[in-house]
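Given only the sequences and the hints, what does the whole structure look like? Please build it.
Protein sequences appear in the order of chains V and G. Offset between the first sequence (1-based) and my numbering: plus 121. Offset between the second sequence (1-based) and my numbering: plus 102.
Hints may contain errors.
Stated by the list, open to error - Each computed DSS-like pair below joins lysine-lysine, with the alpha-carbon atoms no more than 30 Å apart: (1) V:Lys412 / G:Lys155; (2) V:Lys287 / V:Lys337; (3) G:Lys155 / V:Lys513; (4) V:Lys190 / G:Lys208; (5) V:Lys325 / G:Lys106; (6) V:Lys346 / G:Lys106; (7) V:Lys190 / V:Lys287; (8) V:Lys513 / V:Lys190; (9) V:Lys247 / G:Lys218; (10) G:Lys167 / V:Lys337; (11) G:Lys208 / V:Lys347; (12) V:Lys231 / V:Lys171.
Unchecked claim - Quick look at which bits of chain G chain V covers, simulated, 3 or more residues with Cβ under 8 Å: (13) 183-197; (14) 222-228; (15) 240-247; (16) 301-308; (17) 351-365; (18) 407-414.
As the list claims (entries may be wrong) - A few chain V positions that, by computed beta-carbon distances, are all more than 10 Å from chain G: (19) Asn181; (20) Lys190; (21) Gly271; (22) Lys347; (23) Asp430; (24) Asn455; (25) Gly471; (26) Glu503; (27) Ala520; (28) Phe531.
If you are wondering where the hints come from, they were derived from the structure by calculation, not from laboratory data. Ideal Cβ placement from N, Cα and C applies to all residues, glycine included.
Spelled out from the first residue to the last, the chains are:
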Amino acid sequence: MKKLILALLISFATTSVFAGSHSPCGVTNGSINILANEFTTYRIFMDEVKSCAGPDADFNVTHSVDHNKLQVAALSANPAEFSAKLVTNGSITPLMNDGLIRPLDDLVEKYGSNLNENQKITIDGKIYAVAFMANAQHLWYRESILNDLGIAVPSTYEEVIAAAEKIKSAGVMDNPYAGAFKSGWNLGQEFVNMYLGHGGEFFKSGSAQPNVNNEKGVAALNVIKKLTELSNPDFLTQDTNAVKEEWESGNVALMHVWNSGAASLLDDEGDQDIKADTRLAPSPTVGGGSKPATTLWWDGIAIATNTSDENAEASFRALVGAASSTDLANNNPNATVWLIKGYTPGDTAGPVVDAASRGTTPYPSFPHMSLMHGALSTELVEFLQGNESAEKALADVEAAYIAKATEQGFL
Amino acid sequence: MPHKTFFWFILPTGLAMILFIGLPIVSSFFQSLHIETEQILMEVENCDPFGCKTNVRVDVEATEKLRQENPLGRFNGFGTYTDRNHLAFDEIGEAWNTSSSMSEFKDIVLNLPFYKALLFTLTFCFAVTPPVIILGFIVALSVNTLSKIIKGFIVFGTILPMIVTPLIGSLVLFWMIDSQGIIGASIQILFDDPNLSLKASSNLTWITLIIYGIWHNTPFAFVVFYAALQTVPQDPIEAAYIDGASRYQRVRYIVIPHLYPVATFIMLICLMDNFRVFEPIIGFSAEGVAQSLSWMIYQDLRNENKMLFGSAGATSMLTIIGIAFLLTPVLIRTWKEFRTER
Chain V
122 MKKLILALLI
132 SFATTSVFAG
142 SHSPCGVTNG
152 SINILANEFT
162 TYRIFMDEVK
172 SCAGPDADFN
182 VTHSVDHNKL
192 QVAALSANPA
202 EFSAKLVTNG
212 SITPLMNDGL
222 IRPLDDLVEK
232 YGSNLNENQK
242 ITIDGKIYAV
252 AFMANAQHLW
262 YRESILNDLG
272 IAVPSTYEEV
282 IAAAEKIKSA
292 GVMDNPYAGA
302 FKSGWNLGQE
312 FVNMYLGHGG
322 EFFKSGSAQP
332 NVNNEKGVAA
342 LNVIKKLTEL
352 SNPDFLTQDT
362 NAVKEEWESG
372 NVALMHVWNS
382 GAASLLDDEG
392 DQDIKADTRL
402 APSPTVGGGS
412 KPATTLWWDG
422 IAIATNTSDE
432 NAEASFRALV
442 GAASSTDLAN
452 NNPNATVWLI
462 KGYTPGDTAG
472 PVVDAASRGT
482 TPYPSFPHMS
492 LMHGALSTEL
502 VEFLQGNESA
512 EKALADVEAA
522 YIAKATEQGF
532 L
Chain G
103 MPHKTFFWFI
113 LPTGLAMILF
123 IGLPIVSSFF
133 QSLHIETEQI
143 LMEVENCDPF
153 GCKTNVRVDV
163 EATEKLRQEN
173 PLGRFNGFGT
183 YTDRNHLAFD
193 EIGEAWNTSS
203 SMSEFKDIVL
213 NLPFYKALLF
223 TLTFCFAVTP
233 PVIILGFIVA
243 LSVNTLSKII
253 KGFIVFGTIL
263 PMIVTPLIGS
273 LVLFWMIDSQ
283 GIIGASIQIL
293 FDDPNLSLKA
303 SSNLTWITLI
313 IYGIWHNTPF
323 AFVVFYAALQ
333 TVPQDPIEAA
343 YIDGASRYQR
353 VRYIVIPHLY
363 PVATFIMLIC
373 LMDNFRVFEP
383 IIGFSAEGVA
393 QSLSWMIYQD
403 LRNENKMLFG
413 SAGATSMLTI
423 IGIAFLLTPV
433 LIRTWKEFRT
443 ER
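Following this line, the structure appears as structure tokens:
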């Protein structure tokens with residue numbers, strides 16, 4: 122964890138020098154076709170990738186919030202539908218499981234001389250991805266609303282709930298809290314945060330057997346339930362982007378969303394009064410735990426196995442050019458926490474650095490974690506609607522996971 | 103038609119059906135009997151910006167070798183069909199033994215993914231089909247009486263819901279029923295309840311989906327009924343008119359009997375269509391509270407990071423069996439009518 126802070130500190134001190142013999146930018150042969158998630162920071166990053174690729178490059182990018190669902194099928198094809206994919210510590214595992222992304226050591230050696238050591242994601246000694254940003258979900262609040270009611274910035278979820286209840290009972294807002302509770306990946310992620318915050322482990326140690334139906338799981342679910350009761354009644358249909366819209370409409374005073382949301386939440390568009398009143402705070406702890414109830418993420422670039430070496434090199438050059446562009450980082454200091462060399466963190470980097478320094482768990486990268494996340498995505502809804510008990514919901518999660526893990530050969 | 107002529111007449115269609123319908127079904131069936139080969143895990147050291155630690159990963163080479171040896175995967179027989187995510191025999195057996203009352207048993211069964219999806223699918227089928235037939239008939243009758251000048255426009259307007267892509271149509275409605283959308287906000291004012299949300303409760307979501315289904319399917323029934331209305335013989339209608347039959351009586355005793363076979367046809371198609379309800383669930387983001395069998399197949403193939411072909415194949419087979427069950431009564435009836443007519 123300390124590495125991240127260290128890296129950020131080092132990046133203050135170092136200045137960018139192009140020591141490598143090969144400049145990555147200005148791609149002339151090979152085609153570049155990238156699959157990526159859809160949010161503002163990625164758009165900013167892709168603009169840089171495109172300009173690095175140059176005007177002569179055959180450049181295509183597909184932004185989709187469904188990137189996780191598309192990636193395995195798209196990269197399994199030979200030749201693959203995309204030559205490169207922006208991955209995270211969550212989405213890289215299904216690709217690794219099937220050997221769909223290639224080791225990058227030779228390309229890094231050729232074009233990656235300007236990368237920080239900690240940008241290189243190594244698995245079993247080989248570089249499989251190059252990270253360019255760190256991300257985490259954390260608390261956001263409206264300063265004036267908290268001040269008016271004399272509420273201190275919450276540092277635990279118990280305080281978040283108390284604060285939201287106070288705002289509601291004061292009649293300021295009907296649904297003062299917001300989180301991405303959309304049934305599916307988002308809802309699963311909320312449980313992952315809360316369960317890790319309670320100190321839970323998803324699998325029995327050393328095996329792929331599930332381990333969520335316990336006291337910590339129940340406690341995590343009960344906190345989520347309380348939060349949803351203070352959220353818009355449509356919470357099961359709201360993903361991160363919908364929550365951000367609620368925030369920008371001034372309907373919400375407290376929310377727990379991604380740090381990278383700053384790129385759109387604090388930009389020049391929309392109601393500037395709300396933006397000026399928006400503050401970022403560290404992710405709260407829960408249930409007396411010491412670690413914040415959130416997960417650490419890195420976002421990086423990976424290259425498909427099933428693409429020609431020429432396309433792989435072209436894609437890597439354009440992407441790594443952006444992933445080592447100090448200008449990109451320092452021109453958009455608040456878009457996210459960049460891991461790029463020479464980056465001076467902006468005002469909004471605090472909560473991520475805080476999460477790292479307090480020992481927050483990175484999102485688990487077990488090969489079978491995506492199956493667990495999938496089971497959480499679908500089986501928790503009925504509990505949140507009050508149709509079944511927390512124990513029953515968690516038993517359903519384990520049963521659904523076991524059925525799928527058996528079919529996939531993990532159990 | 104002599105058998106030989108019939109054979110040559112049907113041969114091209116038959117071949118195409120075997121090639122494009124029969125073989126894929128057989129292939130899905132074979133796939134549904136298999137599950138993935140075992141995943142071989144190994145311990146490795148991973149390093150990322152947050153530090154280095156030991157983790158497990160899939161041994162790609164060893165797993166790939168196993169996969170090469172058994173491209174279909176491990177043979178699992180009907181194991182996938184009976185597992186928890188499908189027919190769930192074990193879970194139902196256990197529920198039967200442990201539950202103290204029928205309602206408890208019912209709750210446990212309807213909480214299993216397959217039965218939950220089946221319940222919604224059947225509810226949707228049987229709630230949507232009858233109103234579609236009745237509404238389609240009424241609309242066709244009304245349009246038929248219009249003067250020629252405006253008829254064209256009205257027919258076009260009436261079939262619009264069918265022209266709109268289901269996903270787009272449901273998305274448009276999804277935003278209209280949002281608590282800040284025109285329908286959602288109006289309903290809140292109407293019932294004087296600022297927290298009323300059509301998306302929040304499962305009952306209201308089901309009703310929304312069913313109303314959407316009726317809206318989307320009625321034009322189909324209308325078009326078929328409208329075409330059939332043009333074939334109603336005018337002589338008996340005029341005779342009835344002279345005999346002093348009211349409009350209702352003419353419709354009831356002449357038009358409806360004439361359109362009866364058409365209604366059976368519409369019912370058949372509607373039941374089949376509605377049994378594979380899918381797009382509105384995605385459009386209305388209703389996955390949380392309303393799952394259908396088709397949605398389960400989609401979930402297996404798309405929502406998981408890895409495609410569960412076996413599971414999807416099993417659900418497909420069960421869907422085919424479900425449609426067969428559903429259509430049997432209608433088909434038997436049609437067959438009987440066919441025999442009597444001969």
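Next item on the list: Hint by hint, work out which the structure violates, then give me just those numbers in ascending order.
Entry: Of the numbered hints, 3, 4, 5, 6, 7, 9, 10, 14, 15, 17, 20, 26, 27, 28 do not hold.
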